[in-house]
Amino acid sequence: MEIVLAIAIMALGAVVLGAALGFASIKFKVEGDPLIEKIEAILPQTQCGQCGYPGCKPYAEAIANGDEINKCPPGGTEGVQRLADLLGREVKPLNAEEKPKQIAIIDEQTCIGCTLCIQACPVDAIVGAAKQMHTIVAPLCTGCELCLPPCPVECIRMEPIAENIDNWKWKYPVVEIKAAPLKEAA
Amino acid sequence: MLMNLFKCKGGVKPPTNKTQSITLPIATAPIPSRLVVPLHQSIGGTPRPIVQAGDQVLKGQLIGEADGWISAAVHAPTSGTVVEVAMHVQPHPSGLDAMCVVIAPDGRDEWIAHQPFDYANAAPEAVREYLQQSGVVGLGGAVFPTHGKLTPSKTVPMEELVINGAECEPFITCDDLLMRERAEEVVRGIGIFRDLLQPKKVLIGIEDNKPEAAAAMRAAVGALGEPFSVVVVPTLYPAGGAKQLIRVLTGKEVPAAKRSTDLGVQCFNVATAYTAWRAIAHGEPVVSRLVTVTGNVHAPRNYEVLIGTPMDELLQLATPHPDTDGIIMGGPMMGFLVPDRQVPVIKATNCLIAHDDRLFPPKPPEMPCIRCGSCAQACPHELQPFEMYWFSRAKNFGKTQEYHIFDCIECGCCSFVCPSRIPLVQYFRFAKSEIWAREREKNAADGAKARFEFKQLREEREKAEKAEKLAKAAAAQAAKKAAEAAAAAAAGEPVAEGAAAAEPVAAEASPVPVAVDPEKAAKMATIQAAMERAKAQREASQPKNTEALKSSQQKEIDEIEARRQAAHLTEAAPPAATGEKTE
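Chains as they are written, first to last, in my numbering: chain P, 1 to 186; chain E, 1001 to 1583.
Keep in mind that a hint or two might mislead.
Straight-line distance between alpha carbons at most 30 angstroms, and here's what the computed BS3-like set of lysine-lysine pairs gives [what the hints assert, rightly or not]: (1) P/Lys-169 with E/Lys-1399; (2) E/Lys-1363 with E/Lys-1399; (3) E/Lys-1481 with P/Lys-101; (4) E/Lys-1154 with P/Lys-38; (5) P/Lys-169 with E/Lys-1258; (6) P/Lys-57 with E/Lys-1201; (7) E/Lys-1395 with E/Lys-1472; (8) P/Lys-171 with E/Lys-1481; (9) E/Lys-1007 with E/Lys-1201; (10) E/Lys-1472 with P/Lys-99; (11) E/Lys-1442 with E/Lys-1395; (12) E/Lys-1455 with P/Lys-71; (13) E/Lys-1481 with E/Lys-1469; (14) E/Lys-1363 with E/Lys-1535; (15) P/Lys-101 with E/Lys-1007; (16) E/Lys-1442 with P/Lys-71; (17) E/Lys-1007 with P/Lys-99; (18) E/Lys-1013 with E/Lys-1481; (19) P/Lys-171 with P/Lys-71; (20) E/Lys-1395 with P/Lys-171; (21) E/Lys-1535 with E/Lys-1523; (22) E/Lys-1395 with P/Lys-131; (23) P/Lys-131 with E/Lys-1466.
Simulated from the structure, these hints should not be mistaken for laboratory data.
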């Protein structure tokens, strides 16, 4: 009799806990992979494809699946560092040279209004219409350079973003080391 | 009037050095050789220039239009000709250029037609807009557009209006002289703020090292019969910080990430009240301000200076000593060495100090932090500068924010008391600007991501819409054909021979059960018709490869055909009639 009771109690416990776990797995289901989201938050969202993937999200997925973390030149060395911190991997030098932040500029005199760059821009930063002059909305441009190849008249150039009063940053305090005045040799 | 004062935490007592510049009354600085008026002089949007090179302007004429609500207009400080609208070096620690309107004065100093603004009969919105149009901004140094602070909160009743005449920073005496000489206009200006905000109390805080100013203000308040209290507060740097003065006068401590308006308190500088009154009562926009010129000069004094006056020309009025090697804009605690002596005086310029090594000996080198805690005791905001220093130095910006770096007002008390002479405030400024830059980048990245995803969505949608449109067009085409066929079929039923003659295909199809369903029949008819057409087309096109043969080819074919016939593979057929292949 006792053994039956013990089995019954254990069975009941198993059923209750199983139900609780089953409920939790439905109620607290994690949509998507949180790691991919964290990786994507570090990537600069230029959608430039320099990593070999069609956008930042596919690269984030690839990193989560074990791809290298040093394929994102716009993210820079700092981006690699942050990815390494997040994933517990080793910091590697970037696989391309790091460029200063830049934006595209359309030479509006040369532009023929072909709309090819508008189609190429991944972030909708170019305005214009067929046979009308196009222009770049500077604050929206991520500097991905994807508009350069399709332009048939080569009227788009990249320019580094100059420092101005609005984006100027205080510099890291540097301790000046001055040479002590030389004493005459005694 | 007896009043219970509260104590603010921390603070330091640097030598005040104020007596040098208060011996002489305010003088009006002469019109300089040229005026460089920066467009961006206040917090918020950069005003848009509305003049161009060659334009004649009059004193007080609008030259920069406010851009957005938090932005204030900019006016020509004197009459003359606009020389250029171009980039010029700014009185800013960066030493970078910004857009300026350069004016060559004609010396006549001729005003635009200006008249008082009837604010008693105007709606509060109209008064605020008028102050924005007049370029009235906070002249205490933060240059926040004043009209933006004159909207009473809808949820919190306005308790106290605090007027800041503390002027706690050493060397600076422009507010002191203003209150001594122009107290009545200051009090009238405070009256405007009072009318707009409707506070329960108005408190004017003045440090106890300015008894003449306090007396003048008391006299003016009494003469005008206003119920304002002039309160003398102890001299302690930085008692003139807005949050510190509010704490001392009202006992209210503004919590982190909140504004004083959330507690029903608003704070204005005395000079701001003065300019607001000049704008309202005389129609004069802000084209000049009081500037203390002191430091390493023969005759320290306060001047009424046109905005845009080159600092070097202003300094010459006070005859600087020859060993002067720079100009500090602002006080010794929070000011900075201007990058170029020619930079213009702006609305934020309350003081120029001629710099030399005797007054400001070069700082000995920085030494390691010994964690003595002096900075934490001196901090008026009860922060822990030594912790923030450590994390700023390590570029661990998340941690600096945990220690509330954004509550730091950069008053410099911590650097002042540091026995290791660590430039703490510089580290905090570095950390703050890095955090802001990251925030900007993050926002830009989020925006780019959202637009990228939207673009993808849009492309998908366009593709789907195109496919749908094509399908619809095809369906419409088919329906049209079906209708035609059905019409033909319907016509073919009653007069069979006519229909058969006209459309043999339809006639062929129609004998199949008619009664079933006219629609189905129509569909069947179309399919049949299509099949017939395809067959006919095939038949018409297939023999093509045997057309126009050369005689040699024809001969070859004939031979092959003869062989096939001989082998009984096929029946005798006229050569070249069909291109049938052997199975």
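Now for the hints, and whether the structure bears them out:
In summary, the hint linking P/Lys-169 to E/Lys-1399 is supported, as the alpha carbons are separated by about 19 angstroms, within the 30 angstroms threshold. Pair hint E/Lys-1363 plus E/Lys-1399 holds up; C-alpha atoms about 28 angstroms apart against a cutoff of 30 angstroms. Proposed proximity of E/Lys-1481 and P/Lys-101 is contradicted: the alpha carbons are some 60 angstroms apart, above 30 angstroms. Under the criterion of a C-alpha separation no larger than 30 angstroms, the hint pairing E/Lys-1154 with P/Lys-38 is inconsistent with the structure, at around 40 angstroms.
Pair hint P/Lys-169 plus E/Lys-1258 holds up; C-alpha atoms about 25 angstroms apart against a cutoff of 30 angstroms. For the suggested pair P/Lys-57 and E/Lys-1201, the alpha carbons sit about 57 angstroms apart, so the restraint of at most 30 angstroms is broken. For the given pair, E/Lys-1395 sits about 61 angstroms from E/Lys-1472 by alpha-carbon distance, which is inconsistent with the 30 angstroms threshold. A threshold of 30 angstroms between alpha carbons decides the hint, and for P/Lys-171 with E/Lys-1481 the separation of about 76 angstroms lies outside it, so the pair is violated.
Between E/Lys-1007 and E/Lys-1201 the alpha-carbon distance is near 20 angstroms, which keeps this suggested pair within the 30 angstroms criterion. Distance hint between E/Lys-1472 and P/Lys-99 is unfulfilled; the C-alpha atoms sit about 50 angstroms from each other, more than 30 angstroms. Between E/Lys-1442 and E/Lys-1395, the direct Cα distance comes to roughly 17 angstroms. Compliance with the 30 angstroms bound is thereby established for this hinted pair. Taken as a hint, the E/Lys-1455 and P/Lys-71 pair is honoured in the structure, with Cα atoms around 24 angstroms apart against an allowance of 30 angstroms.
Pair hint E/Lys-1481 plus E/Lys-1469 holds up; C-alpha atoms about 18 angstroms apart against a cutoff of 30 angstroms. Restraint check for E/Lys-1363 and E/Lys-1535: the C-alpha separation of about 100 angstroms exceeds 30 angstroms, so the hint is violated. About 49 angstroms separates the Cα atoms of P/Lys-101 and E/Lys-1007, which puts this hinted pair outside 30 angstroms; it is violated. For the proposed pair E/Lys-1442 and P/Lys-71, the alpha carbon gap of about 20 angstroms is at most 30 angstroms, so the pair holds.
Among the hinted pairs, E/Lys-1007 with P/Lys-99 is inconsistent with the structure: their alpha-carbon atoms are about 53 angstroms apart, more than 30 angstroms. The hinted pair formed by E/Lys-1013 and E/Lys-1481 fails the criterion: a straight-line CA distance of about 97 angstroms is larger than 30 angstroms. With a CA separation close to 29 angstroms, the supplied pair P/Lys-171 and P/Lys-71 stays within the 30 angstroms bound. For the proposed pair E/Lys-1395 and P/Lys-171, the alpha carbon gap of about 12 angstroms is at most 30 angstroms, so the pair holds.
Straight-line distance between C-alpha atoms of E/Lys-1535 and E/Lys-1523 comes to about 18 angstroms, which keeps the hinted pair within the 30 angstroms bound. Of the pairs offered as hints, the one joining E/Lys-1395 and P/Lys-131 is violated, with about 50 angstroms between alpha carbons and a cut-off of 30 angstroms exceeded. Proximity of P/Lys-131 to E/Lys-1466 is assessed by CA-CA distance (about 23 angstroms); at most 30 angstroms being required, the pair is judged to hold.
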